[in-house]
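Chains as they are written, first to last, in the working numbering: chain A, 1 to 394; chain G, 1 to 297.
Possibly wrong hints are sitting among the right ones.
List time: in silico BS3-like cross-link candidates among lysine-lysine, alpha-carbon distance up to 27 Å [unchecked claim]:
1. A/Lys371 with A/Lys382
2. A/Lys195 with G/Lys247
3. A/Lys382 with A/Lys237
4. G/Lys287 with G/Lys276
5. G/Lys34 with A/Lys207
6. G/Lys217 with G/Lys86
7. G/Lys90 with A/Lys207
8. G/Lys90 with A/Lys195
9. A/Lys207 with G/Lys287
10. G/Lys243 with A/Lys195
11. A/Lys259 with A/Lys195
12. G/Lys86 with A/Lys207
13. A/Lys382 with A/Lys309
14. G/Lys154 with G/Lys5
15. A/Lys207 with G/Lys276
16. G/Lys217 with A/Lys207
17. G/Lys254 with G/Lys195
18. G/Lys276 with G/Lys243
Which stretches of chain G does chain A cover? Using the computed rule of at least three CB atoms under 8 Å from a CB of chain A, they are [to be verified]:
19. 2 to 9
20. 40 to 48
21. 54 to 62
22. 107 to 119
None of these hints come from the bench; they were simulated from the model.
Quick reminder that beta carbons are idealized off the backbone N, C-alpha and C, glycines included.
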Amino acid sequence: MGEWKIITGNRAAAEAAKLARVQVVAAYPITPQTTIVEYIAHMVESGELDAKYIRVESEHSAMAACIGAASVGARAFTATSSHGLLLMHEMLHWAVGARLPIVMAVVNRSLGPPWNIHSEHQDAISQRDTGWLISFASDPQEVLDSIIILYKVCETHGVYLPGFVSLDAFVLSHTSMPVDIPPQEDVDRFLPPYKPRHYLIDVENPKTYGNIAFPDRYMELRWSIQRGQELAAQKIKEYTREYAKAFGRDYQGLVEHYKTEDARHLLVTAGAMASEARIAVDKLRDEGVKAGLLKIRFYRPFPREDIEKVVEDIESITVIDRNISFGMGGAMATDLTAVLYDMGKSITLGRFIAGLGGRDVTFEHMAQMVKHTLKAHHSGEKLPPAVWFGLREW
Amino acid sequence: MMTVKKLSREELLLPGHAACPGCGAMIALRTMLKTLGRRTILVIPACCTSVIQALVPKTSIGVPVLNIAFAASGAAASGVVEALEKLRRKDINVVVWAGDGGTADIGIQALSGAAERKNNIIYICYDNEAYMNTGIQRSGATPYGAWTTTTPIKGKTEFKKDMPMIMAAHGIPYVATASAGFPLDFANKLLKASKLKGLKYIHLLAPCPTGWRYDSKLTVRLGRLAVWTWMWPLFEVEHGVFKLTLKPKPRPVKEFLEPQGRFRRMTPEEIELLQKWVDQRRELLLKMDGARLFPQA
Numbered sequence: 001m002g003e004w005k006i007i008t009g010n011r012a013a014a015e016a017a018k019l020a021r022v023q024v025v026a027a028y029p030i031t032p033q034t035t036i037v038e039y040i041a042h043m044v045e046s047g048e049l050d051a052k053y054i055r056v057e058s059e060h061s062a063m064a065a066c067i068g069a070a071s072v073g074a075r076a077f078t079a080t081s082s083h084g085l086l087l088m089h090e091m092l093h094w095a096v097g098a099r100l101p102i103v104m105a106v107v108n109r110s111l112g113p114p115w116n117i118h119s120e121h122q123d124a125i126s127q128r129d130t131g132w133l134i135s136f137a138s139d140p141q142e143v144l145d146s147i148i149i150l151y152k153v154c155e156t157h158g159v160y161l162p163g164f165v166s167l168d169a170f171v172l173s174h175t176s177m178p179v180d181i182p183p184q185e186d187v188d189r190f191l192p193p194y195k196p197r198h199y200l201i202d203v204e205n206p207k208t209y210g211n212i213a214f215p216d217r218y219m220e221l222r223w224s225i226q227r228g229q230e231l232a233a234q235k236i237k238e239y240t241r242e243y244a245k246a247f248g249r250d251y252q253g254l255v256e257h258y259k260t261e262d263a264r265h266l267l268v269t270a271g272a273m274a275s276e277a278r279i280a281v282d283k284l285r286d287e288g289v290k291a292g293l294l295k296i297r298f299y300r301p302f303p304r305e306d307i308e309k310v311v312e313d314i315e316s317i318t319v320i321d322r323n324i325s326f327g328m329g330g331a332m333a334t335d336l337t338a339v340l341y342d343m344g345k346s347i348t349l350g351r352f353i354a355g356l357g358g359r360d361v362t363f364e365h366m367a368q369m370v371k372h373t374l375k376a377h378h379s380g381e382k383l384p385p386a387v388w389f390g391l392r393e394w
Numbered sequence: 001m002m003t004v005k006k007l008s009r010e011e012l013l014l015p016g017h018a019a020c021p022g023c024g025a026m027i028a029l030r031t032m033l034k035t036l037g038r039r040t041i042l043v044i045p046a047c048c049t050s051v052i053q054a055l056v057p058k059t060s061i062g063v064p065v066l067n068i069a070f071a072a073s074g075a076a077a078s079g080v081v082e083a084l085e086k087l088r089r090k091d092i093n094v095v096v097w098a099g100d101g102g103t104a105d106i107g108i109q110a111l112s113g114a115a116e117r118k119n120n121i122i123y124i125c126y127d128n129e130a131y132m133n134t135g136i137q138r139s140g141a142t143p144y145g146a147w148t149t150t151t152p153i154k155g156k157t158e159f160k161k162d163m164p165m166i167m168a169a170h171g172i173p174y175v176a177t178a179s180a181g182f183p184l185d186f187a188n189k190l191l192k193a194s195k196l197k198g199l200k201y202i203h204l205l206a207p208c209p210t211g212w213r214y215d216s217k218l219t220v221r222l223g224r225l226a227v228w229t230w231m232w233p234l235f236e237v238e239h240g241v242f243k244l245t246l247k248p249k250p251r252p253v254k255e256f257l258e259p260q261g262r263f264r265r266m267t268p269e270e271i272e273l274l275q276k277w278v279d280q281r282r283e284l285l286l287k288m289d290g291a292r293l294f295p296q297a
C-alpha cells in the first residue's frame, strides 16, 4: 500500500492533483482554498510535479486558462471556493459546452454579504445547472481518492464533462487526518494519460469549435451533455468499484450507505456532515430507532436509482441541506422529493436547512432532526418543505 | 519586409463568411492569416468574427479556432500556449483576434494578466470603435463625437481609451498600431511580433461601413484617412522604444469625419475640439518619436 501521512483536506487535494499528473494548473487564491494552490506551486517550483502553473488574475481567467489548456489536450486542474466559484460560473458553462474533462477542487464556503469564510454548500449548489459533475467528500482521504476517480470518469469517451470535488471549509480543508497516499505507479495504472478521442485544437487538423449553432443544431448538443451525465453515473459506479479493488477503499458509487440494510428511518446528507451523521445513526440505533445514512456523494448526476433502491422499506426520511434555494427549500431535499414522487412513494419527509455560514451541526443536532421527523411521522403532521434548524431569536 | 509579391497565395479566410460588404476586419483577418500561415491557432471572444465565421458545422477559417466567452480570451490563450509548451508542440502562433469591446472593456483584465505573465501570445484588437455585432453601442474605444445607439443624441462625450499605450505600459516586448487601410504595414508588424517572445499587442483600426455609416467602397480610403489625419497614427513600441512608423503631412480631421454618418451630428465647435486634441496628440507623439518610454526588463 501507499504511504500514510497526516494531512489536511487541502493538502490531500494537492497530492491528488500531483498523483493525477496534471499538466496545466491555473490558480488564483481565495480563503480557504488558497493552501491547495500554494502546495501545488511548491510542487511545481521544486520539480516534484512536472506541470505548467499559470498564476492568473481571477477565477474567471483560471477556468478560461483551463479551457484553453484542455482544448489542446492537456490535463488541467484548478481549485477555488465561494465567490471565486461564482465568478467562474460563466466559464463553468463554457467548459461543459466545449466538453472538456477539467477537474477542480471546490472548498465550500458561504457567500457574502455579510462576509463569512466558513462552510456552506451554497457555492457548489449554485453550479447545479452548469453540467459539471458535482461531488462532495466527507474526509481528506475521500478528497484525494475522489479527484483521481473523477479524472477517469470525466475523461471517458462519451462523458467528456468537467467535474469538481467539494470539501467543507476548514472542517475538511484545514483539518488534518491520516491519509493513505497511494503509490504513483498504482495511480498511473488506474488513470492513464489523457488521450482524447474527441476533438483537439490542432494545427495539423484545423477545426472551428464553439461557433454559432442555431436552433436546428443546438438542442442535440445539449442532449449529448445530458447523455454524458447519464453515462457518468454508470462510470462513477464502475470506476469506484475498480478503485476499491486496486486501493482497498470502497466509496460505493454515487451514494454511500451506512446501516441502511434494515433501516426504517433514513438520514440523508452530504459533505463533512455525512461523517458526523454516522455517529448520529449509531446514537439513534442505541435508542432503538432503526436509522440508516444515505450519504450523497454526487449531487450531479443525481443518484436517482440509488435512492429508488434504498427507500423500498423506508418510513421516514430526514434530509439535511447545508444550502438553501431561496423561495423553495434545500437543494438535495427538493430533488429527492421529485424522485419519491416519480416512485409514487408516500414517505414522511423532514427537510432541514442547517449549518449555514459554518454553524456547527453535531450528531446530537442530527438526532434531534431525525426525532422531529419521527414525531411528525407518528402524529401524521405534515412538515413544511424547509424546516430551519436551530434558528436563534434576535 | 513583406511585399504584395511575398504575401502567401494560400487563402485561409475561406469564402462563405457572413461579414458585411466592405468589412475592414475581414481585410485584416485575411492579411493576418496569409502572413502567419497554417501553424496558427485563433482564440476568438464574442465579437463580429464569432458571428460571421459561419454556422455549425461549417467554418470559413482555415486554421483551428477556439471560440471563447467575451471576457476570457487573454486567459484562454494563456492556457493554450502553456499547454502547447507542456505537450512540446512547437512553432505555433497563438493569436487572439478580439474586437474593441472584448479588448478595451470586458476583456481588459484577462489581457492585462496575460501581458504581465509574459504569455507568448499575439493579441490583435481589431477596432471598429463600437459594439458593432450587437448593433453599434458605445465602447471605451469609440471616438469623441461619434453617434452610437447608446450615445444617440449627444454622441460620445469622452475621448477614445488609449489601449496601445496602456499595453505598452505593461512592459511587453511589442506594441503596434495598424490600419486595415495599410495591409502591408500590418503584415510587417505581424512578422515582427511573431519573432518575439511574450505578449505582443497589435491594435488595428477596422473601418466598419455598417456602424460608421459610410458607403462600403470607402473602407480602405477611411482606413488611410484615419492615419493621414492623425486620428489613428501608426506607431510601434518595441522593447519600450516608441517609433512612428508613418509620419504623414497632417490633413484636417474633417476629411476623415465627413464621409461618415456617425459624425454627422457634430457641431463645428466639437469638431474644433477634436482637431485640437488630435493636434496636441500629434505633437506629443512627434516629440516621443525614437524615445525610450519604458525600461527594458
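For each hint, the structure was consulted:
| no. | hint | result |
| --- | --- | --- |
| 1 | A/Lys371 with A/Lys382 | holds (14 Å) |
| 2 | A/Lys195 with G/Lys247 | violated (53 Å) |
| 3 | A/Lys382 with A/Lys237 | violated (35 Å) |
| 4 | G/Lys287 with G/Lys276 | holds (17 Å) |
| 5 | G/Lys34 with A/Lys207 | holds (18 Å) |
| 6 | G/Lys217 with G/Lys86 | violated (46 Å) |
| 7 | G/Lys90 with A/Lys207 | holds (19 Å) |
| 8 | G/Lys90 with A/Lys195 | holds (19 Å) |
| 9 | A/Lys207 with G/Lys287 | violated (47 Å) |
| 10 | G/Lys243 with A/Lys195 | violated (47 Å) |
| 11 | A/Lys259 with A/Lys195 | violated (40 Å) |
| 12 | G/Lys86 with A/Lys207 | holds (22 Å) |
| 13 | A/Lys382 with A/Lys309 | holds (24 Å) |
| 14 | G/Lys154 with G/Lys5 | violated (47 Å) |
| 15 | A/Lys207 with G/Lys276 | violated (48 Å) |
| 16 | G/Lys217 with A/Lys207 | violated (32 Å) |
| 17 | G/Lys254 with G/Lys195 | violated (38 Å) |
| 18 | G/Lys276 with G/Lys243 | holds (22 Å) |
| 19 | 2 to 9 | violated (count 0) |
| 20 | 40 to 48 | holds (count 3) |
| 21 | 54 to 62 | holds (count 7) |
| 22 | 107 to 119 | holds (count 7) |
Consistency note: the structure conflicts with the earlier hints numbered 2, 3, 6, 9, 10, 11, 14, 15, 16, 17 and 19.
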